[in-house]
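Q: Here are the chains, one letter per residue:
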Amino acid sequence: MRLKKKVKTRGVVLAIVFLVLGFMVAYSFRVTQGEKSNQPITDRQWEQNLRLRDELNEQKERNRDLQKELNEKQEMVRDYESQLADEAQVYFNLAEDAEKYRMFLGKVKVKGEGVKVTLSDGEYNPDEPNINNYLVHEHHVYKVITELYISGAAAVAINGHRLTHNSYILCDGPVITVDGQQYPAPFEITAIGDPKVLSSALNITGGVKDQLVNDQIIFSLQEENKIVMDPVNVKK
Amino acid sequence: MWLPLMGLIIGVIIGLLTDIRIPAEYSNYLSIAILAALDTLFGGIRAQLQNIYDEKVFVSGFFFNILLAASLAFLGVHLGVDLYLAAVFAFGVRLFQNIAVIRRILLTKWTSSGEK
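Sequences listed follow chains A and B, in order. Reading the first sequence from the start, the letters are residues 1 to 236 in the working numbering. Reading the second sequence from the start, the letters are residues 1001 to 1116 in the working numbering.
No wet-lab data here; the hints were simulated from the structure. Heads up, the beta-carbon is just placed ideally off N, CA and C, and yes, glycines get one too. There could be a bad hint or two in this list.
To be verified - Over 10 Å on every C-beta distance to chain B, these chain A residues come out as not near it, computed from the model:
1. Lys68
2. Leu94
3. Lys100
4. Glu138
Unchecked claim - A few chain B residues that face chain A, going by a derived Cβ cut-off under 8 Å, partial list only:
5. Pro1004
6. Leu1008
7. Ile1009
8. Ile1010
9. Ile1014
10. Gly1015
11. Leu1016
12. Ser1027
13. Ser1031
14. Ala1037
15. Glu1055
16. Val1059
Go ahead and model the full structure; you've got the sequences and the hints to work with.
A: If you want it as structure tokens, here you go:
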């Protein structure tokens, strides 16, 4: 009985000893195993990390390059835009100029303030043997037109017929031919420009008006607020 | 004889199922403790074979050696001296000696039983 008990006690004690030993060995084994199994993964991860980092760096560098390129391109686009703006300005100016020149050339209808000069033949004078002495001749018209142009008239018309750079005026007996169209007296010469300047230019002492009046021509000058002139090519 | 075997198996199972993670620097202490435990175990086996086995000496030696080895390693780490090397050396030498003695005893027993 005592022997059996002793054997049992010994067994229990040995069991505890072996339990501790087994636990320690297994636990150590597990820990070491975990480290070992962790090691390859971290190794692979490290490699992967390295690769990814390299890739990231590459991408960053590429991004930087692309960013630089983008900036350059944007700069170029801005240059183009400013160039375009300049060109647009130039075109705008050109269009304005073209419009202005078109007006000068009589290609479009123009309107503005100006003066109207009416030249009429003088009263029949039985004392005067030559009828030509009191008729309006083309040189009278020339004088008026020239004076008007000199004074800064932008457009001149005779009896509503717009004059251009190549207009011609002929004295054709009692009528005057302007560009092939005949107009009888009285002649209405309209001019667009500053009315004050134009009228004072015509009214200078010893000027056009005096000369014409001297030639027995009835000269009347009227300042107009609005004169409309049709384009040259439109026939009335 | 089945009780110690069962203890071993249960211990192994508990050890494998334990999910406590210990820091890497403490695994050294565990290794030293295991070395001490193995040393004591083989010492016990040798004593049994030499018929000088004492249960009290064995059990107290088992636990005391484990604790001593672990605390020696711990002290070594904290003093900056690799004291665990001393434990490894001492236990390793004794382990080999014990195993050699066991081998000789077993050989002698085998030879004598073969002669009979």
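Q: None of the hints should be skipped; say for each whether it holds.
A: For each hint, the structure was consulted:
| no. | hint | verdict |
| --- | --- | --- |
| 1 | Lys68 | holds, 47 Å |
| 2 | Leu94 | holds, 84 Å |
| 3 | Lys100 | holds, 92 Å |
| 4 | Glu138 | holds, 121 Å |
| 5 | Pro1004 | holds, 4 Å |
| 6 | Leu1008 | holds, 4 Å |
| 7 | Ile1009 | holds, 7 Å |
| 8 | Ile1010 | holds, 6 Å |
| 9 | Ile1014 | holds, 5 Å |
| 10 | Gly1015 | holds, 3 Å |
| 11 | Leu1016 | holds, 5 Å |
| 12 | Ser1027 | holds, 5 Å |
| 13 | Ser1031 | holds, 6 Å |
| 14 | Ala1037 | holds, 5 Å |
| 15 | Glu1055 | holds, 6 Å |
| 16 | Val1059 | holds, 6 Å |
Of the hints listed earlier, there is not a single one the structure fails to meet.
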